[in-house]
Structures are given as C-alpha cells and as structure tokens.
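K.L.:
What follows is the residue order along each chain.
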Amino acid sequence: MSDAGHTPGGGDVAERDVYTGAGEPAPSPSSVHERQELVGRDLRTEELVLNIGPQHPATHGVLRVVIKTDGEFVRELEPHVGNLHRCAEKIGESVPYYQWLPYVDRMDYLAAMCNEHVAAMAIEKLGGVEVPERAEYCRVIIAEVQRILSHLMAIGVYGLDLGAFTPFLHQFRERERGMDLLDHISGGRLLYHYIQIGGVKRDFSREWLDELDAWLASVERRLPEYNTLLLNNRVFQQRTAHIGLINEETAKRWGVTGPGLRAAGVDWDLRRDVPYSVYDRFEFEVPCGESGIAGELGDCFNRHWIRVREVEESLKIIRQALAQMPEGPTMAKMPKSFKAPKGEIYVRGENPRGELGVYIVSDGKPTAYRIRCRGPSFSNIAVITEVARGTMIADLVALIGSQDIVLGEVDR
Amino acid sequence: MPDAPQPGAAVNPWDDDPELRQNVILTKIDWVKDWGRRHALWPMAFGLACCAMEMMATAATKYDLDRFGAGVFRASPRQSDLMIVAGTVTHKMAPRVRRLWDQMPDPKYSIAMGACTVGGGPYVKYGYHVVQGVDQVIPVDIYLPGCPPRPEALIDAIRKLQFRILERGGNTLPEDETGVGAA
Amino acid sequence: MADAPEEPETPASNADPVTERALGVLETEHADSVVASEMTGAHPWIQVKAEGLADLMRTLRDHDDTQLDCCHLITGVDYPGKGKDVGEIEVLYHLCSYAKREDAAYFKRAEKNDPWVAIKVRVPRDAPNVPTVMEVWTGADWHERETYDLVGVRFTGRPDLRRILLPEDWPGHPLRKDWETPASYHGIPIIAPEDL
Ligand code: SF4
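Residue numbers (this note's numbering), protein chains in the order written: chain V, 1 to 412; chain L, 1 to 183; chain F, 1 to 196.
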C-alpha cells in the first residue's frame, strides 16, 4: 500500500512532513504539481504483495491468489492452483472404465450429473455402446436438474461474496429440495454415480416425477424472489455492473467457456450448436449477454444474469423432456467387463460452468491408456491473470465470484 | 424458618435453606468453562473439496447447525476453536492445513470430515498427491466417514464432540499422545 | 443450430469435413510440415512437425477457411518405447472455432459430429521439446504448464514454464508411464498402490 495514504492529503501536512532541508526556509510549493513532486521526493510508494487464500472464503475453495497491489488497485495477480489436485487422470489410467465414473463426479462436485453425462458419453462412443432412448431422456432431465442446482448455488454464493447473506439462505431452500430429488433417485445427495455406461441406474417412478413437478413449480415461483434480492438490487448492480470485463476477444483467446463466454456476447452453447444426447429435440434459448440493462457486455452482472436466465431455460428443457419421454428400458445390455476397442475419442459437453471435454485413448484393455479432462473452470480462472489487472481489490472478489469456479475441476 | 441448630450439630446452610438451594449452584469452574465451550464452538470456514458443500448445507437453511451452538463460521483461524477438515488434503495443501491448525488458539478441536480426511478415501490407492488421512498432519478428535457424509452425520459428529468436551475437559490431547509426528 | 433435415451431399468418403478443411489449409500453406493424417472415424487428426508449430497454428487461427480461434485442450500422452527405442511423447491440440458458428457448411457433420480439429505433434521422449503456442492463444499458457507438470513436455520459447498443479519440488512427472510413486513427500508417507 502506498505510504502516501497515511498523509491526509493537504498542502501543509505534506510540506511539514516532507521537507527535510536543514536550516533553509521551506520552499512554498505553488502548484499542485510541485507539491506532488515534493511528496514524491520523500514518501516512498511501494507495491505490497498480498496473499489471498488458500483458506479464504472469497476464493471458493482452495484457490490461492497472490496480488501485487498499488493502493487499492491490483497491479499484477497470479492464481496458484493445484491445492486440490486429486490425480483423476492417473486414476483413469489405473482403474476400469466402470470404476472411473465416480471420480468424474468428484471433479466438479457441484455438477456431478453433468460430468457423468459427458464422461459416460465419451466412453460409450469409444466402446460403441447404444444407449436406450429413455435413458437419454433420463440423463437430460437429471443433468438439467443438476444445472439448476448448480446455478442456484452460484447465485447464492455470489451474493455471499458480495456481502448479501440472505439470498444464500433462500436458495438453499430450493437447493435442498432438489438435492432430495436426486437423493431419492440415486442415493446420494451430492455425488451420485447415477449415469452409468450404457444408461442410467434406475428409472423414474411416478412419485418421483410428481415430486419433480412440484419442485419445478417452486423454483419457477421463487426465481423472481431471488431476483428481487439480488439481480434487481441496486447495491448488487453497482457492485457488479461494469466490473471485471471479459470481452469477446479475451474470452476466446483464453478459452473461457460457459456463462463467461456468453456474457461476452458469443452466442454459443454446445447443447444447441453441437447437440449431443437428445438436446436437439428441445426448444430453448441460449441467453446471451446484453449491455444496457444494468451493465455492459462481459461484466460480472451479465455473467450472473445469464445464470439466472439459464435456470429458466433448464426448466423449459425439463418440461419438454418430460412430455416427450418414451417408454422403454433405461440400461443397455452391458458385459461384465467392459473393454473399449483400440482408438481415441474426444467428447465435450456443456456443463453449468462451461465446456467439459473428455479425451480418452484406449489400447483395447478394460482400463484406458490415457484419460484427459478439460475442466471448464481451469480456463475460466486462468483468464483473471489478465482481466484483474487494474481492478480494485474489492472488485477482484466480485470477479472471482462471478467466474463461479470449482477448484475440484481446476485441479482435477 | 428452620429451627435453631442443636448445640453440637454441624451447621449446613445448604441443607437448611431452601432459598439457597434454589438459587445457588455449586460446581467446578472448569466444568462451567467446558460447558460454555461445548455450546459455543466456533468452526472455521475451511472448505477443501466436495465435503465442504455438505458442510455448507449443514450450516444453511434446512439443517441449521446453529441449533446446536456450532453455527458461527469464522473465516479466520484465530477466532475459531473447531476445525472441520472438509475435503481432500493434498500434499500441497498439507503444510497449510498444519499452519492453520497452529494458528488456532487453544483449546481447539478437529473433525476429520469425509473418507478422504479419514484415510485417503477414494484416492487412497492411485491418488499419489493425496495425503492418506489428515491425522498425519494434525491431531483429530472425531473421525466422520462418508463420501460425502450427510449433514445429519456432521451434526452427529459435532454432538459427539460436544459430549467429549465435557467428558474429557477442555484440553486437546497433547500431541505426542496422538502419535502425530511420531514417524 | 439444429440439424437440417435434408442433407443430400453427405461426404461420400465419410471424412470429417472440418479436419479436411484444416488439412487443405495446411497443405497449401505449410506443405512440408504435415507428417500424417487420419480423416475418418470418431477421432480424426493431423500430425505435424514440431518445428514451426507456432506459425502453423497461427495460420490455422487466422486463415479464413479454418478460423480456429479457441484452443480447447492440450494433452500430452506418453508412449514409452521398448528396448533401444526411447519412445515418443505425443502432444495433442484440440482446437475449435467460434467464428464459424454461423457457417452452415462448416457444420456438415461426418461421423464425429463435433467441429473440433485435432493437431498432433510427436517428439522423442528424451528430448520432448515443443514450441509454445502461447502467443497464438493465450489460454494455452496454463494448459502447457499442466502438460509440463504432469507429462514433462518442455515447451520452448515461452516464459515461466513452472509446475502448476504439483508442488515445485515434486519428483518427476506422474503421467509418464514409468513414473514411480515416491515413498514419502516431506515426511508424509505415500503408500504405493502395490502395497494396498
Ligand atoms: S470424502 Fe468424498 S465427498 Fe468428501 S472430499 Fe473426499 S471425495 Fe469428496
């Protein structure tokens, strides 16, 4: 922090404190400029290195950020990741495909179902497994439920980052009910292993579908409430609008995906543009950043707003999927020990945080030769090295929060 | 009004004065301190991985950890006396966990939440970068298995810890008794 | 962009149109760089030489036919050799294009169904030097650091090639096939998989 901060800026104070010439009468500075020079002669301004994390509530886990500050401004910033490196890729090389799927859950633990979906798709494509149609619908419904849950969490925690505790507590009401839904279908509240190679573990029951309907209605009803608390709140808008700009060019250059990319104005969503699973059968919009509502393209406000609108779109997708769902089995006939033929595959899918990519090389054994995952948060957090330069420290928190990173996925 | 004491009998105001019996409690100061500690645990907001999400869920609306007097999550180790190690401890993180633990004022307690902190969990075999149990780094009072443990389980762990605080007194075990650093 | 229902001119060769285009661009601009290619199947790829990789990538990014403006993923795969052969490390770049999202012809899908292009580079295992592509896509920075960290590929011509996930003093590169789990790290024992 600059030492100049300690001198309450006033001409006399600066003169008294600064002038060191012995014996001579102090020159009286005539202009502001001269005064500043005087101050500069004796008061040193130096950069302060500030370490945030790995245990810090604003870093969403174990991210460590080292910033060089100049007063309240960030001069330079370096994120240090890897505190949660759990070797998912090595494990992928060591255990059979069946056993690897639970580890995928743990990469992005707020969107476990979406992770499973993409990873299972990759393995199926590699092994040439046909998934029954009903299972595809189950997957889409479950993945969209998970997307809503993840976005609710992102919305609530973003409020928490900016000092609003209430939205966090409110969203947890909806989130808990949603987690109960997933709990009833899979047996786990957070990590599921519900989507498996060849289909899904069990079919939806009538009661579960009723529960789901009720939940969808309640999310729809509560969304305006959250928006009153956060999105339309003037304090929130002032903390986020025009802050942390990631423009289109920067986003593409750094490989930012998901809401961060769409907030920058790129109309791109894998679910619509490269439809996988049965996403091509649904009508939904891809929310894009807009300037003029409260913020501008690519700012924190837009990223938040996109999440809110994506929840609405997910509701639409789930309703359509429920209406279209065919009857049939939910699991393909799978051999006891699954072997993928020699070859390689790269599959990507749209997760709540961006594009998850799974690259698998198989050499014909039950375990993969090499598995590589692209966690969207990895690129989404890398970009802050560039965009955080010149922001205020308080805005840095808003920026990191709006990227909605999950460290499990950054470090894998 | 009690009768006048017989000459030679011991005077015991406690027996004789019902007013006194209703209004005064005799106890050890240590017990009172432990009782207070037990109901005012301040956990550190220290999320490492997936388990931290369940820790948050426990503190949030539905499960409301505040009911058990342990809901004041502090962001600084210097203000907290309970470390819930929620998530995987990796080799890169281990020194930091230790340092946070050292920064907490005594008496302090710790809960190893989740299979990962109990013994490496799903990563025990091939996770070269995962510490196989947080008890290699800090002393642990309560082990809470599960991947992730449900909020009810975390509440149970905190209740167990509260009972233990009363049983054992307010002090954490000296480190050499826990075997940490013995290797 | 939902699939157009009528798709009369399905490429007869079943080759992936996006990769084909990229190959076309490379063959005109960097003809002697292309080593091998595979156009069909679920994972088509083009293998190029390591020398001049950054230039080649810049062409792919800027050429009107490809406009691959996003580096999605960088992967290193270790292929140890047998006997005298030291083996090779393959570095794989998955690239994709946002600029082409309006271009329907670009989305004419083959078997693969997803418009990314995979570029491969193979370098000997004992001297795994690959030129950086950081100045083409800034986002490659962290991916390269991770590939260095886990597989041990040395990216040349870039600053700051440090480990990113593992601690600075970690022994070796864990995703090399011959890497062995150390017995302990800073006094904390690591039980090897064989002993469990
Ligand atoms: S125990 Fe399970 S849920 Fe908890 S941190 Fe480990 S992997 Fe995640």
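Keep in mind that the hints were calculated from the coordinates and are not lab data. Heads up, a few of these hints could be off.
Here are the simulated DSSO-like pairs of lysine-lysine, each with C-alpha atoms no more than 27 Å apart in a straight line [said to hold, decoys possible]: (1) L:K160 / V:K201; (2) V:K365 / F:K100; (3) F:K100 / V:K342; (4) V:K339 / L:K62; (5) V:K316 / F:K49; (6) V:K336 / F:K82; (7) V:K339 / F:K177; (8) F:K177 / L:K125; (9) V:K68 / V:K201.
Now the stretches of chain L that chain F is said to cover, found in silico as 3 or more residues with beta-carbon under 8 Å [claimed, not checked]: (10) 88-100; (11) 115-128; (12) 138-145.
A few chain V residues facing chain F, derived, Cβ under 8 Å [what the hints assert, rightly or not]: (13) L50; (14) I52; (15) R253; (16) W254; (17) G265; (18) W268; (19) D273; (20) K336; (21) F338; (22) K342; (23) Y359; (24) R372; (25) S379.
Ideal Cβ positions, reconstructed from N, Cα and C, are used throughout, including at glycine.
K.L.:
All hints are to be evaluated individually against the structure, with a verdict given for each.
P.N.:
Structure-based check of each hint:
Annotation: proposed proximity of K160 of chain L to K201 of chain V is violated, straight-line Cα distance about 35 Å (limit 27 Å). Only pairs whose Cα atoms come within 27 Å are accepted, and K365 of chain V paired with K100 of chain F is rejected, the gap being roughly 38 Å. Among the hinted pairs, K100 of chain F with K342 of chain V is inconsistent with the structure: their alpha-carbon atoms are about 32 Å apart, more than 27 Å. With a C-alpha separation of about 44 Å, the suggested pairing of K339 of chain V with K62 of chain L is violated against the 27 Å cut-off.
Under the criterion of a C-alpha separation no larger than 27 Å, the hint pairing K316 of chain V with K49 of chain F is inconsistent with the structure, at around 48 Å. Proposed proximity of K336 of chain V and K82 of chain F is contradicted: the alpha carbons are some 32 Å apart, above 27 Å. For the hint pairing K339 of chain V with K177 of chain F, the CA-to-CA distance comes to about 20 Å; that is within 27 Å, so the pair holds. For the suggested pair K177 of chain F and K125 of chain L, the alpha carbons sit about 17 Å apart, so the restraint of at most 27 Å is met.
Restraint check for K68 of chain V and K201 of chain V: not satisfied, since their Cα atoms lie roughly 50 Å apart, outside the 27 Å limit. Coverage of a stretch by a chain is defined here by at least three residues with a beta carbon nearer than 8 Å to that chain's beta carbons; for the stretch 88-100 of chain L and chain F the count is 4, and the condition holds. Coverage of the stretch 115-128 of chain L by chain F holds [criterion: at least 3 residues with CB-CB distance below 8 Å; count 4]. For the stretch 138-145 of chain L, the assignment as covered by chain F is violated, since 0 residues bring a beta-carbon within under 8 Å of that chain's beta-carbons and 3 are needed.
Here the hint on L50 of chain V is broken, as its CB sits about 20 Å from the closest CB of chain F, past 8 Å. Taking 8 Å as the C-beta cut-off, the interface hint given for I52 of chain V is violated, the closest approach to chain F being about 18 Å. With 8 Å as the threshold, the beta carbon of R253 of chain V comes within range of chain F, its nearest partner Cβ sitting at about 5 Å, so the hint holds. Hint on W254 of chain V holds. Least Cβ distance to chain F is approximately 4 Å, under the 8 Å limit.
Among the interface hints, the one on G265 of chain V is violated; its C-beta lies about 11 Å from the nearest C-beta in chain F, farther than the 8 Å criterion. Of the supplied interface hints, the one on W268 of chain V holds, with its beta-carbon coming within about 6 Å of a beta-carbon of chain F, less than 8 Å. The interface hint given for D273 of chain V is met, as the beta carbon of that residue sits about 5 Å from the closest beta carbon of chain F, less than 8 Å. The closest approach between the C-beta of K336 of chain V and any C-beta of chain F is roughly 23 Å, which is over the 8 Å cut-off, so the hint fails.
Because the closest C-beta pair between F338 of chain V and chain F is about 17 Å apart, greater than 8 Å, the hint is violated. Because the smallest distance between the Cβ of K342 of chain V and any Cβ of chain F comes to about 11 Å, over 8 Å, the interface hint for this residue is violated. Proximity of Y359 of chain V to chain F holds as hinted, the smallest CB-CB distance being about 6 Å (cut-off 8 Å). For R372 of chain V, the suggested interface contact is upheld, since its CB lies about 4 Å from the closest CB of chain F, less than 8 Å.
Checking S379 of chain V against chain F: minimum C-beta separation of about 5 Å stays under 8 Å; hint holds.
Of the numbered hints stated above, those contradicted by the structure are hints 1, 2, 3, 4, 5, 6, 9, 12, 13, 14, 17, 20, 21, 22, listed in ascending order.
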